[in-house]
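*Asks:* Assemble chain B onto chain A, guided by the hints.
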Amino acid sequence: MTLVEPGTPTTVTGVPEVAAPEDLGKARPLRADVWKRFKRNHLAMVGLGFLVLLGLIAVFAPLIAPYSITERASGQFRQPPSADHWFGTDAIGRDLFSRIVYGARVSLRIGFAATAISVIIGLLFGAVAGFFSGMTDTVITRVIDVFLAIPYIVLAVAIASVFGRSENAIIIVLGVTGWLAIARIVRASFLSLKRLEYVEAATALGFSRSRIMFRHILPNALQPIIVIGTITVGYVILAEAALSFLGVGPQEPTPAWGLMVAAGKGSLTNAPHLLFFPAGAIVLTVLAFVFVGDGLRDALDPKLK
Amino acid sequence: MTSYITRRLLLIIPTVFLALSFLFFLFFTLPGDPARLIAGGANRTIDSGVIERASERYGLNDPLLVQFKDYWSRTIRWDLGESFLTRRSVNDILGEKALASIRLAIWAIIIEIVVGIPVGVLSAIRRYSVGDRLTTILTAAASAIPVFVLGFVLQWAFAVQPNKLGWPEWARLRTQGIGPDSWTLFFIPTGEQWRYLILPAITLACVSTALAARMMRGSMLEVQRADYMRTARAKGLSERSVVVKHGLRNAMLPVVTLIGIDFGTVIGAAVLTETTFSWPGLGSEIANAVTQRDLPVVLGLTLVVVIAFALINLLVDVSYAWFDPRIRLGKGGQA
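Top line first, the protein sequences correspond to chains A and B.
Position one of the first sequence corresponds to residue 1 (the working numbering), numbered consecutively onward.
Position one of the second sequence corresponds to residue 1 (the working numbering), numbered consecutively onward.
Keep in mind that a hint or two might mislead.
[As the list claims (entries may be wrong)] Some but not every residue of chain B turned toward chain A, in silico, with C-beta under 10 Å:
(1) 26
(2) 175
(3) 291
(4) 309
[Said to hold, decoys possible] Partner residues aside, some chain A positions facing chain B, computed with beta carbon under 8 Å:
(5) 153
(6) 248
(7) 291
Note that these hints are calculated values from the structure, not bench results.
The beta carbon of each residue, even a glycine, is placed where N, CA and C say it ideally should be.
Extracted from the complex, chain A is given alone in its bound form:
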């Protein structure tokens, strides 16, 4: 188990595998070292704590949520928070707290799965472009430039209207639009790493190019990928919210946070809690991923500041 594998099938727990301390006790010294540095960063630790909590909420959603996501309390529309409904009720009388609890599952699933797709695509293109320079590199770099020239939101909305609005469709849309930055970072790492002696040695030993790329260079290029992967999960959750707001995100009755915000915008005057609670969930989650990502960057590479 590496420190964090962005997009490993941890989508159910949603907890990035930064592992429990006892596990790290047995681990190699380097890992313990990274953990020690990570622990010193308070913001990152708070973020990690929040993500662990969020993961638990997602896993045990049925036990935590007092109501189901579709259950309507009769006659109680847009009620403010109360003892029965901690976060109040929405426009058709559903319990907002329960929907936000279940929404953790949706957000984490979309966040991790889309990031996994982005990392895989970005890794392949970045690695190939960086390893084989020349024509291959030029073509891939140009393709990336062309896609970067299209404003992200236009691209995402356009692709989203092709794929439809199911949760899987949203994962694909965010996955295939989010790999550009990752590919650039991987390319830069491969460009500098392929000139090192151990690559020369591996070449001299007659190893195949794919073996050199993925068994020799990749492990050394992993650190920036881990960092950007973690942060990307947060930004994917943001992008999902934006798509929901523009009306091309997941559909009712999916308890997606972005969708709840979009639905709550109409009741700003009478029931602002419909907007504030799901919005708060999004902001805290994204912040947590960004803080953990920043903490990982500092912990993995103490030279960088």
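*Replies:* Quick look at chain B alone, frame taken from chain A:
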């Protein structure tokens, strides 16, 4: 320098061509039939003859490649076609909407420069102070809050609440539309206009201001350690002149890069801000057109945005040379 700029300008052409072509083909793989849309709406039952005539008129029956060729031969003469939905010429829409967007953007940039850069510099000079810590947390929060959420929170705090609490009329800000649309000197709001402008401008500026502040802080911290800063201090220059004349100019370079690279994010933010505040600009128009599949409008407006994006990136690269004369553009093909 001139040859460098010429080459970069020429390079914009294939980028724009490929990006727009991608969108063109993407829209033809969309489910549904644009002819139905033109004939009256996606959900209504429409006489098949009407659909047929609409297809005929817009050349939608031609093979895809013929349509593609037609599209580019029109576009190259800057004939951007007319909206499927409203029949208005895209050039007209563009002229009208671009002004609103540019005015909003100017104010967002003013906020970004006036707030973001000083905050970043102060934060770096007083490292680890309370203000610095606050800046770190606030800038992170600003980049984690969805743009439209910020917009709604501001609407709630400065328009909904004042109305409820009965604040004086001038303190109640407006949240919908552009208002009287009255300006002097192109971008300075006159009369009631500022009440319509201020919330969307802050919303649009927020993400990039936070980013600029964070970048400025990091870059300034780096510069603080440089030898020439020590020299300047040793010469007995005032701290103010050390920071502003020696520090700031050197520290600006990465920030300028960022502002350029970040333009894509700003466009995204503009789409969301304009939609949130019903500001009649390019962003909200693009969002509408994409969801309604109004292909000529999407392609026309995106064309302009893509060209603007490319030009701004070029401008950023050229400004390197101004900020740091050691950088020679065009030699060795790398900027």
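*Asks:* Next, verify each hint and record whether it holds.
*Replies:* Hint check results:
no., hint, verdict
1, 26, "5 Å, holds"
2, 175, "9 Å, holds"
3, 291, "6 Å, holds"
4, 309, "6 Å, holds"
5, 153, "4 Å, holds"
6, 248, "6 Å, holds"
7, 291, "7 Å, holds"
Taken one by one, the earlier hints all hold for this structure without exception.
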